[in-house]
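Peer 1: So you can see what is in the structure, the chains are spelled out below.
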Amino acid sequence: MESMLHITTLHYLVLGAALFLLGVIGVLTRRNVVIVLMSIELILNAVNLNLVAFSRLWGGVHGQVFAIFVITDAAAEAAVGLGILIAFFRNKETVNIDEVNLLKW
Amino acid sequence: MLLGGVLVITRKNPVHSALALIVTLLAQASIYLMLYAPFVAGVQIILYAGGIMVLFLFVIMLVSIDRSVRERQFNSQWVVGMIAATALGGLLIAVYTKGTSIFPDRALSIVEGDNTQQVATMLYGQYMFAFEIASLLLLVAIIGAVVMAKKRI
Chain B
132 MESMLHITTL HYLVLGAALF LLGVIGVLTR RNVVIVLMSI ELILNAVNLN LVAFSRLWGG
192 VHGQVFAIFV ITDAAAEAAV GLGILIAFFR NKETVNIDEV NLLKW
Chain H
12 MLLGGVLVIT RKNPVHSALA LIVTLLAQAS IYLMLYAPFV AGVQIILYAG GIMVLFLFVI
72 MLVSIDRSVR ERQFNSQWVV GMIAATALGG LLIAVYTKGT SIFPDRALSI VEGDNTQQVA
132 TMLYGQYMFA FEIASLLLLV AIIGAVVMAK KRI
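The listed protein sequences derive, respectively, from chains B and H. The first sequence runs 132 to 236 under the working numbering. The second sequence runs 12 to 164 under the working numbering.
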């Protein structure tokens, strides 16, 4: 086991970056609004992973407290976003964001 | 965790995506445990996987989307989206390959068994103002969600 790879902070940051990239792809390419909202949750989770990894690197729990606040914020934003989704669906009976084009010129 | 993320963005059925996201969140909680953050891992499981995802599943149930499962699932600007995501990926790769020398090889050794107390001390001491503002934010979000989803205001 001489060549066992140490899991440094950089590995966690790269994992966070990969999750962020997946979330961005999900937001930019899907038609269904619910899946776009779920991709936004993926992005927030990637940020949380970065925060907690850095908190482990520097000692102290500041990063973890910030991560708790980000989770709280994500809950509030998911609730409001889904409320808007329900109001939108009641009007138009579809969940495709391609059809939200009333303001399009 | 990455497999869960890929499944979130590629499944046709939103219920499958929600289940894949739950798997991703649980995997992330276990990574928090690896980083010695047991309180954040517990908060993640209870709040995120147990609260927010249940909310998502309820909304998926209400928004009855049998029709949209059979439609096309990638939107009309997916080419530009993939180009932008590739540019972002290139930027992240460039940042992370140039900056490997900043991070030390070993993490700090931490006294175990103290994490929740430290988080609570920080949360009620130094970050008290942010804590109160977060509770106000949740109140506003509750009011907003209830008003948005009512039939007649």
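Hints were generated in silico from the structure; no laboratory data involved. A few of these clues could be false.
As the list claims (entries may be wrong) - Per label pair, the in silico range of CB-to-CB distance: (1) H:Ser41 to B:Gly191: 18 to 26 Å; (2) B:Val145 to H:Ile144: 26 to 34 Å; (3) B:Ile217 to H:Lys23: 36 to 44 Å.
Said to hold, decoys possible - Output of the computed footprint for chain H on chain B, the stretches with three or more beta carbons under 8 Å from beta carbons of chain H: (4) 141 to 149; (5) 154 to 167; (6) 172 to 185; (7) 206 to 217.
By construction, the Cβ of each residue, glycine as well, lies at the ideal position given by its N, Cα and C atoms.
Peer 1: Checked against the structure, which of the hints given earlier come out wrong?
Peer 2: Structure breaks hint 3 only.
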